[in-house]
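Chemist: Sequence:
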Amino acid sequence: MSETDEEVHAKSASRSLFDLRWLIAGLFVLYGALLIVLGIFDTDAEVQKADGIRINLWTGIGMLILGALFGLWSWWRPLRPNAPASVAAQSEEHDSDA
Numbered sequence: 017m018s019e020t021d022e023e024v025h026a027k028s029a030s031r032s033l034f035d036l037r038w039l040i041a042g043l044f045v046l047y048g049a050l051l052i053v054l055g056i057f058d059t060d061a062e063v064q065k066a067d068g069i070r071i072n073l074w075t076g077i078g079m080l081i082l083g084a085l086f087g088l089w090s091w092w093r094p095l096r097p098n099a100p101a102s103v104a105a106q107s108e109e110h111d112s113d114a
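According to the numbering used here, numbering within the sequence shown proceeds without interruption in unit steps and concludes at 114.
Fair warning: there could be bad hints in the mix.
Unchecked claim - Across the chosen pairs, the derived CB separations fall in these ranges:
hint, residue 1, residue 2, range
1, Ile77, Leu39, 15 to 23 Å
2, Leu82, Glu62, 19 to 27 Å
3, Ala61, Arg96, 49 to 57 Å
4, Leu46, Arg93, 21 to 29 Å
5, Phe34, Gln64, 38 to 46 Å
6, Trp89, Ala61, 37 to 45 Å
7, Trp89, Val53, 24 to 32 Å
8, Leu82, Phe57, 17 to 25 Å
9, Arg93, Ala49, 35 to 43 Å
It is worth saying that the hints were derived from the structure and are not from the lab. Glycine included, every Cβ here is placed at the ideal spot set by N, Cα and C.
Using the sequences and the hints, build the whole thing.
Modeler: Below, the structure written as structure tokens:
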């Protein structure tokens, strides 16, 4: 039961295509949403500790925007597997013959 070169390459390519940008985007969106909710319900004492700034709210908004940017980046520029070496070599040989 020997696997062909293409099957081996497909398996190794799928393993290396795990895009961490989606994980990062998800975590930033999750924590950003959590901080926004906490920032909305901050008490006056918590706001005064931060010199009158709703720091949880503003940090949450920033994290939400950053998570959205990571998600857009992953969507616009997805990872692509490299062509198998044998296919690339054959196409180069074919191009040089012409």
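Chemist: Give a verdict on every hint.
Modeler: Outcome of the hint check:
| no. | hint | verdict |
| --- | --- | --- |
| 1 | Ile77 x Leu39: 15 to 23 Å | 21 Å, holds |
| 2 | Leu82 x Glu62: 19 to 27 Å | 23 Å, holds |
| 3 | Ala61 x Arg96: 49 to 57 Å | 52 Å, holds |
| 4 | Leu46 x Arg93: 21 to 29 Å | 22 Å, holds |
| 5 | Phe34 x Gln64: 38 to 46 Å | 45 Å, holds |
| 6 | Trp89 x Ala61: 37 to 45 Å | 39 Å, holds |
| 7 | Trp89 x Val53: 24 to 32 Å | 26 Å, holds |
| 8 | Leu82 x Phe57: 17 to 25 Å | 22 Å, holds |
| 9 | Arg93 x Ala49: 35 to 43 Å | 25 Å, violated |
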